[in-house]
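Under numbering that gives the first Met the number 0, the final residue of the sequence shown carries the number 385; numbering is consecutive throughout.
Please note: incorrect hints may appear among the correct ones.
Stated by the list, open to error - The calculated lysine-lysine pairs, modelled on DSBU-like cross-linking and capped at a C-alpha distance of 30 Å, are:
1) K95 / K10
2) K88 / K132
3) K278 / K132
4) K108 / K278
5) K325 / K108
6) K132 / K167
7) K323 / K278
8) K80 / K63
No lab work stands behind these hints: they were computed from the structure.
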Amino acid sequence: MEVEYTLSSGKQTVYVIFAAILTIIAIIFLSLCFRHRSDAPIVLPVAACFVFLAVLLGGQLRKKVTISTESVIATNVLQTKELATADIKGCRIGPKTIVIESVSPTGPKITINNYSDFIDGADLKKWFQQNFKDLDASDLAEEQYRLLNDGRLGATRAEREASITQSKWIGWSYMATGMFVGLMCIPFDRKPGVVIFLIVYPLLGILIMAMNKGLIKFISSTRRSVYSFTALGLFTPAFVLCLTGSLGYNIYDFHNALLPAIVICLATAVLIYITGFNKDMPKAGQAIGMLLISAIYGFGCVVQVNCLFDHSSPQAVHTSVYDKHKNFNKREHYYLTLNPFSPGQEQKETEVSAGTYDKYNTGDHIEVELKKGLLNIPWYYLPDDY
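Produce the entire structure from the sequences given, and follow the hints as far as they go.
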């Protein structure tokens, strides 16, 4: 018997409404292209993005899953995939996604996203649970057996269990501390001790992964693995380091920042990969996550070290205000656009205090303090706001 699962009428309505809104926005941008042809190179790509999103959302109406005793067929906006039931190894069922894997490692894989959007989505989930092997539970049991028989973790089973429990405690403690303390550091980003903590903490995570006999990884899943992981503990301090560096300092010329940032990024990514790569988790996702965290960390390190620990004498530079504006994002933000300080440079938009914003008007002369930077990356500040 063949059963077809399609989107509920409520979800279809939502997709149609959002697709229509995006289509209208795309039409507005396209009309702007015809009215202001000089802006076409900028506006046209934006319109194309909205058209693509509208087509993508509208195409969601094609989503359906057809199951029978012979096969499973899944149709989405881009393609239709079919797997014979005899070729299905099992499935992985998450809160929003069902992944159906083939017996062959090189065989196709079917991913059903947002299965709760389907009419009788709960029945679809139940059918897979009853008819196919739970690969997450299987992987978890297999990993537990392998680790509990790994002599490197202890001489007895009790010692190995203790090693696994201890690694989980260390991993979760590292992540919880990194997330909480990292966020608490935001108001104190100009304190050398705080910046040193934010720089050292991700390195501590790498050391923890290296010293815990492979039981702590970069990322893991409690549904399918006993490994603990450090990803959020690495990310939060790196993100705070980068965020406070970007918002707290005005870099005048980024050229000298690129090389050290790239070197730190690559070195950090390699260390995370060597110490924390989890072969049981998606490889591409891990690689992207490692590079993202490493890039954020590298940029944040370079900016913070260059500016916070720069003891060079400031050079007074005179320029003028090209423009000023303000916007509201949770609070009022004030900006002055300054004319270039030297030939070959661009105008610099600088966030300032309300007092400085009111003090200067377009065309007014203004003094800027320019510093060399510890890493020879010039940066500047306005004396009234520093």
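Results of checking the hints against the structure:
Between the alpha carbons of K95 and K10 the distance comes to roughly 15 Å, so the proposed pair stays at or under 30 Å and holds. Note on K88 and K132: the hinted pairing holds, with a Cα-Cα distance of about 7 Å set against a maximum of 30 Å. This hinted pair checks out: K278 and K132 have alpha carbons roughly 21 Å apart, not beyond 30 Å. Using a Cα cut-off of 30 Å, the hinted pair K108 and K278 holds, with the two alpha carbons roughly 18 Å apart.
Between K325 and K108 the alpha-carbon distance is near 50 Å, which puts this suggested pair outside the 30 Å criterion. Pair hint K132 plus K167 holds up; C-alpha atoms about 27 Å apart against a cutoff of 30 Å. With a C-alpha separation of about 52 Å, the suggested pair K323 and K278 falls outside the 30 Å cut-off, and the hint is violated. Pair hint K80 plus K63 holds up; C-alpha atoms about 11 Å apart against a cutoff of 30 Å.
Hint violations for this structure: numbers 5 and 7, all remaining hints satisfied.
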